[in-house]
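Asks: Following the hints, put chains L, S and A in place on chain Z, whose structure we already have.
Chains as they are written, first to last, in the working numbering: chain Z, 1 to 198; chain L, 199 to 508; chain S, 509 to 1157; chain A, 1158 to 1251.
None of these hints come from the bench; they were simulated from the model.
Be aware that a few hints might be false.
As the list claims (entries may be wrong) - Some but not every residue of chain S turned toward chain A, in silico, with C-beta under 10 Å:
hint: 1; residue: Ile-524
hint: 2; residue: Tyr-525
hint: 3; residue: Ile-713
hint: 4; residue: Met-717
hint: 5; residue: Ala-741
hint: 6; residue: Asn-781
hint: 7; residue: Leu-782
hint: 8; residue: Ile-851
hint: 9; residue: Phe-852
hint: 10; residue: Ile-854
What the hints assert, rightly or not - In silico negatives: residues of chain S with every beta carbon more than 12 Å from chain L:
hint: 11; residue: Phe-512
hint: 12; residue: Leu-680
hint: 13; residue: Leu-814
hint: 14; residue: Met-820
hint: 15; residue: Arg-985
hint: 16; residue: Gly-1013
hint: 17; residue: Val-1018
hint: 18; residue: Val-1116
hint: 19; residue: Leu-1121
hint: 20; residue: Asp-1135
For each residue, glycine too, the CB sits at the ideal point set by N, CA and C.
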Amino acid sequence: MKIDSTQHLEYSTEQNRINILGFWIFLGAEIMLFATLFTSYFVYEDRIGNGPSGAEIFEITPVLIETILLLTSSFTIGLAIHAMRIQRTKAMLGFFAITLVLGAAFLGVEIYEFIHYYHVGATLQTSAFTGILLTTLGTHGAHVMFGLFWGIFIFIQIKKQGLTPQTANKSFIFSLYWHFLDVMWIFIFSFIYLKGMM
Amino acid sequence: MKLKWTFLTIIITIATVLTGCEPLLVLDPKGPQAATTANVIWISIITMAIVVVVVLVMLTNMLFKYRASKQPDDYEPPHIEGNKYVEGIIVGIPILIVAFLSVVSIISTYQVEATPEGYEDQEPLVIYASSSNWKWHFSYPEQDIETVNYLFIPTNQAVEFRLYSHGTITSFWIPQLAGQKYAMADMVNTLHLAAEVPGDYMGRNANFNGEGFAENTFNVTAMPQTEFDQWVDDIHATADPLTEETFNELLEPGHLGQMTFTGTHLEFAPAPEGENGGHHHGSPDDSEEETHDHDDEHDSDSEETEHENH
Amino acid sequence: MEFFERFAVPHPSPMIYASMVAIGLVIIAIIAGLSYFKKWGYLWNEWLTTTDHKRIGIMYIISALLMLFRGGADAVMMRLQTAVPENTFLDAQHYNEVFTTHGVVMIIFMAMAFIIGLMNFVVPLQIGARDVAFPRLNALSFWLYFAGAMLFNISFVIGGSPDAGWTNYYPLASTDFSTSVGVNYYNWALQISGIGTLISGINFIATIMKMRAPGMTLMKMPMFVWSALITNAIIVFAFPVLTIALLMGTFDRQLGTFFFATDNGGMDMMWANLFWIWGHPEVYILILPAFGVYSQIIATFSERNLYGYTSMVASMVVISLLSFLVWVHHFFTMGQDAMTNSIFSITTMAIAVPTGIKIFNWLLTMWKGKIRFTTPMLYSVAFIPLFTIGGVTGVMLAIASADYQYHNTMFLVAHFHNVIIPGVVFAMIAGLIYWWPKMFGFMLNERIGKWAFWFIVVGFCLAFFPMYITGLDGQARRMYTYSEATGFAPLSMLSFIGAALLAVGFAIIVYNIYYSFRNSPRNIGSDPWNARSLEWATHNPVPEYNFAVTPEVVSSEALWDAKKRGHKLFKNKIEKIHMPNNTGWPIIMAGLFFVFGFSFVFFIWSGVIISGLAILGCMAYRSFKQDDGRYIPVEEIKETEDKFGGANE
Amino acid sequence: MRELFPMKQVNGFIFSLLLTVVALSVYFLEMSFQLGMTILIVTAFVQAGVQLIIFMHAGEGEDKNAIYTTLFYGGFLGLVTVLGSLLAMIWGYL
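So that you can see chain Z by itself, here it is in the shape it has in the complex:
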């Protein structure tokens, strides 16, 4: 494995560079996945059947908390990568841990939100609108959940092996994933919640 020391650790081997490009392409596919969910959401938005409409069930407070949590976690994972690049392993692990905690908090609030929907009678089986709402939010939530476990695994590996081209590469790719989830949340926040409550 040739290591190119003029580049950041995460870019230092050819395989690392291939991995990063590959992940970007995967994110391209994810854009389309969420675009499809948004397409369906916009089509079903007014088709509420016998169920409630968005304006009736959305609450600004939990949504705002979720947004702040995820935005901040996106900031901290960015700082983690920065710390990684200046070889500050401890600081990096710190930021990494904060990110995961914020992510877990986000999931907690989202679970609260889902329970709220359940209580006001908006379930997957209520109408096409509530179905697509919960599917879209659920897909994003599942991504965050997956990211949490993935992040924990990487955290353990850095802890064990230190910063190597492999672990740095994994961390960088994880950060791409996490930022991407934040971007998707911004779209959910704007075009599902705010548009619905407007």
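Replies: Same frame as chain Z, but now just chains L, S and A:
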């Protein structure tokens, strides 16, 4: 060699069959809408035949002239990059052809979506055609009668079909009178046609909808207005009224022969017409009002189509 | 006992029971054979756990051929049923299941597997790479595809086949109208193999972008590599749409949501919409690699460089974008206004322009050439006029008003078979014959191959051209029978004869493989076709490391440069070569996906949860496992090269 | 400590919070649907751009052209999917 003749034979066969003594249904129109589509099909067949012929001529030319057996053994084919002018031609001409056909497509699509040409001043006859597994129900609200699996229409009269389904997506199709349109459960689609020649025509559901699909057909009879009026009167004199109970029995999956009733099912099971053509059909109540004042609705409809025409 | 009742076939027939017995016997025979010849270890070590792109490619192609025969059997059954009016060979339900599985198997499990198989085998060789970017994911892709294919194929003996057409329109596909588990199978089989395809797409883009030989800029890639790059770009952006659509369909059928229902806000049209947003790009996913194959073959056997390389590339890029802009033409008759239909009518016809460029470029490639009529070239020559006919009927269908008459008729069936068979199937057969010596080190017999070609071409014309006519005569597609009075009988009989000839043609191909395996000479050198691109610069069959020395190229025709212009391909000395290790986790994970899908189909929640957790466990295991691959030492490479008669230098 | 918080990232974070506040105005202030949608579209896409360039370093590696091509391709096709579907499913029937 063999290849070329295979193709030529096949093309000739197609041509003879196409122009043969027994005309194909789609190319044997009996009303203005189907005549439009038949003309468009002929235009496109001729245009496209030119393309096919050009390709075939070029191909045979290449294959004959440049086959290895005709070249000297030491012949080395030259290295030829693209050429701006040649590539300009092979882009330009297809663009012209496509542009021409696009214009044909747009004009004819607006035509078949509107009241048939020459019938714009006429009040169209409204017939609700709804499908259930595997039958067609035809409701004539103005005449207050309903038929199953057969359709009588007056000739030289614009007919406006309101299509919907009691279940699966079906496609209402009378090849000799007009193209298809889907019938679906949560909205009503409109299909315009007119018959100009009295006669019996084949009608069917063209969209696959399960076991009984092959037999999901109906018979269309076009007749002069006076005979049509006579037929309506006869039904009022002889047929039984359609009750909700009978209608629900009719909806059960299966095949029925031709049946006739007075009254329509629209009174107790209205069509899914909503404020916006049923499209934002969310709550059940917005479908109720619509059927009672369908006359207004269709007036505004024909106004709209006129707009589109001019 | 109640637990097992759900696995019963809802519409049994003697044929299905016979198939069950046949499947059972074949499985027993395979197991017995492997045990008797002590081949389990060989199979596991050399094939099932391989990460070698060439072997994965070959496994894809073998699976594709198996699926071709499954789908082909369905096709012959359909043609037989409709050969005469009022036939009773199949009943309506059985016929519906047969055409549904025919469509799905041919598109998803035959054509897709064939193109991905060829890409797997050829792309790394054409760009001078050792393997693909992610060899383990490549194996996972294959095994996920295979798990999906098997899941789909067991449906007709366990629980019942899907019966709502390959387009699977709701509400027909909902539990109200399709009561067996067939459509559940459809959802999960496509979902699982779709994930595999998506991974392949990412893998190949990364491979082509990052692993080209020194000197090979994007505009110096062989045309097949370009077609693979564009195809995989379409895969990456189209398949997520299918993922979501299938997920919504699964929710509707199995979790009680209302997405495609007709009440509670549901919209049955939305399935058609999402399906075709994926479905239309999907047909370009199939046809573009075929274009790539033809570009290679026509250039090779005209002994000329490909005419208009830049415009060939540009036209594919344009096609890839336009392919996402046309989907509404699949449901012009759904009731949108004339303006919407006009827009999509224009975008659809626009695709004819880049496609036309390609046709003329191929013709101009033959111009001033020295054409050799080998079997692959025969398929390519037949492709040009036949595909043109298919293409122009496509333009005819794109005219919205006329489509109101063609839609759902045999005219449409004739059209898409007319593009897919001469387009994709001919290309795959031609490509297989063309690259066969690269795969196995001997050539397929040309004389037998040409017999097969004539059967297939004539069979194709007889089978599908009559459908244009019956379509215009008002024959709807998917009708299991028709009456004498319709007058469809003589032409339908002709179709059946054509289908039979096609079947004979494919049988001859199989015989040819057997015959050539027994009789063909093995000492064919590395370049039996006098070809032009890089893959022919290494040995036949290709050693596992592909090239002993990484080649350096200066044009898209690297080998031609070496042969005619004195370009030196291999400049460096032999060094140790880094290769990926074999791994068992892809096949294990795909097996778990199979269990997951199967359990979900039958609502066996315990199976779903256990296999779901096991899949996540596998991923966690992969996250922690380090596998840096292995090195092939210089001596071993030299030894191998000597066996082939010395290094290619 | 200072070096752990580079200005670029801190500014990016503050900017993205600001964008969120601007987007929130559609909830707290009375405005027409068109104006509200315009604000949401602008803030969402700017926000996405901030994340991509400042946090995700989309433009730093040797493959930035491939990455940007992927993103634009995905974004374009995503928009086509959304708008085309709305056209074919809703607007086409009005």
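Asks: Taking the hints in turn, state whether each one holds.
Replies: Verification of the hints:
Interface restraint check: Ile-524 of chain S against chain A, minimum CB-CB distance 39 Å, threshold 10 Å, status violated. With a least beta-carbon distance of about 44 Å to chain A, the hint placing Tyr-525 of chain S at the interface is violated under the 10 Å criterion. Taken as an interface hint, Ile-713 of chain S checks out: its beta carbon lies about 8 Å from the nearest beta carbon of chain A, inside 10 Å. Given hint, Met-717 of chain S at the interface with chain A, holds; its Cβ is 5 Å from that chain's nearest Cβ, closer than 10 Å.
Restraint check, Ala-741 of chain S versus chain A: the minimum CB separation of about 7 Å is within 10 Å; hint holds. At about 6 Å, the closest approach between the beta carbon of Asn-781 of chain S and any beta carbon in chain A falls short of 10 Å, and the interface hint on this residue holds. For Leu-782 of chain S, the interface hint holds, since its Cβ comes within 10 Å of a Cβ in chain A; the closest pair sits about 8 Å apart. Hint status for Ile-851 of chain S relative to chain A: holds, with the closest Cβ pair at about 8 Å, below 10 Å.
Because the smallest distance between the Cβ of Phe-852 of chain S and any Cβ of chain A comes to about 8 Å, under 10 Å, the interface hint for this residue holds. With its C-beta approaching chain A no nearer than about 13 Å, Ile-854 of chain S sits outside the 10 Å limit, and its interface hint is violated. Every CB of chain L lies more than 12 Å from the CB of Phe-512 of chain S, the least distance being 26 Å, so the non-interface label holds. Remark: the non-interface label on Leu-680 of chain S conflicts with the geometry, its nearest Cβ contact in chain L lying 4 Å away (cut-off 12 Å).
Remark: the non-interface label on Leu-814 of chain S conflicts with the geometry, its nearest Cβ contact in chain L lying 9 Å away (cut-off 12 Å). A beta-carbon of chain L is positioned within 12 Å of the beta-carbon of Met-820 of chain S; the least distance is around 9 Å. Once the 12 Å rule is applied to beta carbons, Arg-985 of chain S is inconsistent with being away from chain L; the minimum gap is 7 Å. Under the 12 Å C-beta cut-off, the non-interface status given to Gly-1013 of chain S relative to chain L holds; the minimum distance is some 14 Å.
The Cβ of Val-1018 of chain S lies farther than 12 Å from every Cβ of chain L, with a closest approach of about 24 Å, so its non-interface assignment holds. With a closest Cβ-Cβ approach of about 29 Å to chain L, Val-1116 of chain S is found to remain outside the 12 Å limit, as its non-interface label requires. Non-interface call for Leu-1121 of chain S relative to chain L: holds, since the shortest CB-CB distance, roughly 38 Å, exceeds 12 Å. Every Cβ of chain L is farther than 12 Å from the Cβ of Asp-1135 of chain S; the closest lies at roughly 45 Å, confirming the non-interface assignment.
The earlier numbered hints that this structure contradicts are 1, 2, 10, 12, 13, 14 and 15.
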